[in-house]
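Construct the complete structure from the given sequences, taking the supplied hints into account.
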Amino acid sequence: MKIIVNGNEVVLDKEVVVKELLDKQKVSMQQYVTVQVYDDIISRDDFEKIALKEGDSVEFLYFMGGGAQ
Amino acid sequence: MSFTNDQLERYSRHIILKEVGVKGQKKLLKSKVLIIGTGGLGAPAAMFLAAAGVGTIGLVDSDNVELSNLQRQIIHLTKDVGKPKVVSGQETINEMNPDVNVVTYQEWVSSANIIGIIKDQDYDFIIDGTDNFPAKFLINDACVLTEKPFSHAGIIRFHGQTMTYVPGQGPCYRCIFKNPPPPDAVPTCKQAGVLGVMGGIIGTIQATEAIKYVLGIGELLTGQLLTYDALDMDFRKIKLPLVKDCPVCGESAKIKELIDYEGAVCELKQN
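Sequence order for the protein chains is A and B.
Mapping of the first sequence onto the numbering used here: residues 1 to 69, in sequence order.
Mapping of the second sequence onto the numbering used here: residues 1 to 271, in sequence order.
Don't take each hint at face value.
[Unchecked claim] Have a look at the derived ranges for each label pair, beta carbon to beta carbon: (1) A:Tyr38 to B:Asp63: 35 to 43 Å; (2) A:Glu9 to B:Met96: 44 to 52 Å; (3) A:Asn8 to B:Asn101: 41 to 49 Å; (4) A:Arg44 to B:Asp63: 31 to 39 Å; (5) A:Leu12 to B:Glu147: 42 to 50 Å; (6) B:Pro241 to A:Gln25: 17 to 25 Å.
[Said to hold, decoys possible] Over 10 Å on every C-beta distance to chain B, these chain A residues come out as not near it, computed from the model: (7) Met1; (8) Lys2; (9) Ile3; (10) Glu9; (11) Asp13; (12) Lys14; (13) Val16; (14) Lys19; (15) Phe47; (16) Ile50; (17) Lys53; (18) Glu54; (19) Gly55.
Treat the hints as calculated values from the structure; they're not laboratory data.
The beta-carbon is built from N, C-alpha and C at its ideal position, and this holds for glycine as well.
Structure follows, in structure tokens:
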């Protein structure tokens with residue numbers, strides 16, 4: 001199935017939950033990534049529960065500091 | 001208020017724009033923008049707002065200028081090393097544009113002082129140019145509680161992001177990012193590095209948002225996170241949801257007082 005991750009098409013051979021997608025996309029320090037699926041911010045507690053569906057649009061949002069200093 | 005001949009000439013490229021005009025330029029001269037952090041983001045933001053004729057600019061920063069700042073913090077010059085950043089920033093702005101009144105706050109923001117600083121000049125718009133998450137969440141919560149619009153931004157390596165909060169018009173920073181990451185979890189800016197121009201690009205977008213807000217023109221980055229990847233030269237706008245149960249701006253918000261979080265971290269490893 002195909003889903004969209006940060007604007008790019010990703011092809012998966014089977015249905016995955018959010019946690020598995022983060023693993024597949026090699027996202028390290030996953031506890032600090034905010035995951036948005038369409039209009040929902042997914043709670044970290046649900047990363048292993050929420051399954052992604054064909055065509056889902058997923059965004060990984062990162063903490064970013066920088067600026068002064 | 002009428003313009004002097006010098007002002008008519010100085011702002012002529014603004015005044016000729018139908019979206020600005022004489023009326024808009026007067027709005028800018030009467031406007032007050034607070035910039036928290038006079039570093040990579042705050043420096044270019046302050047300089048463009050000063051050049052644009054924003055009448056009052058507040059600068060908040062407790063630090064002194066270091067040599068390693070000069071690769072990106074363009075408001076400070078080599079001769080300013082060792083000087084308080086707010087003093088150095090004020091001197092540069094004064095030389096750029098005598099129309100601008102610079103108010104300096106040589107301190108770090110905390111729950112004890114941030115509301116007082118925002119109310120000091122009743123600022124119209126706030127720019128978050130800080131490097132750490134305790135400050136970013138503090139600024140968010142203070143702006144939500146005092147009903148002030150602000151621009152969030154972060155930069156690291158070749159990446160940048162920014163969003164604009166306007167009370168009642170979209171999500172706040174906490175809607176999306178909930179709580180600061182643990183202080184020891186991620187490398188600091190110093191360890192990670194940042195391309196000098198990143199602050200210039202993102203800080204200038206923050207200044208653009210402030211100007212658009214003051215003028216009431218265009219579409220702000222409310223409900224949208226603009227991300228920038230300099231290596232791919234890719235800008236993306238991510239539509240953000242309004243989170244009804246947000247602890248600070250939601251319908252039954254639990255956070256009524258400001259929180260001082262521990263630690264100083266500045267980024268999460270990007271993939």
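Structure-inconsistent hints, enumerated in ascending order: Nothing - there is no hint that the structure violates, so all of them hold.
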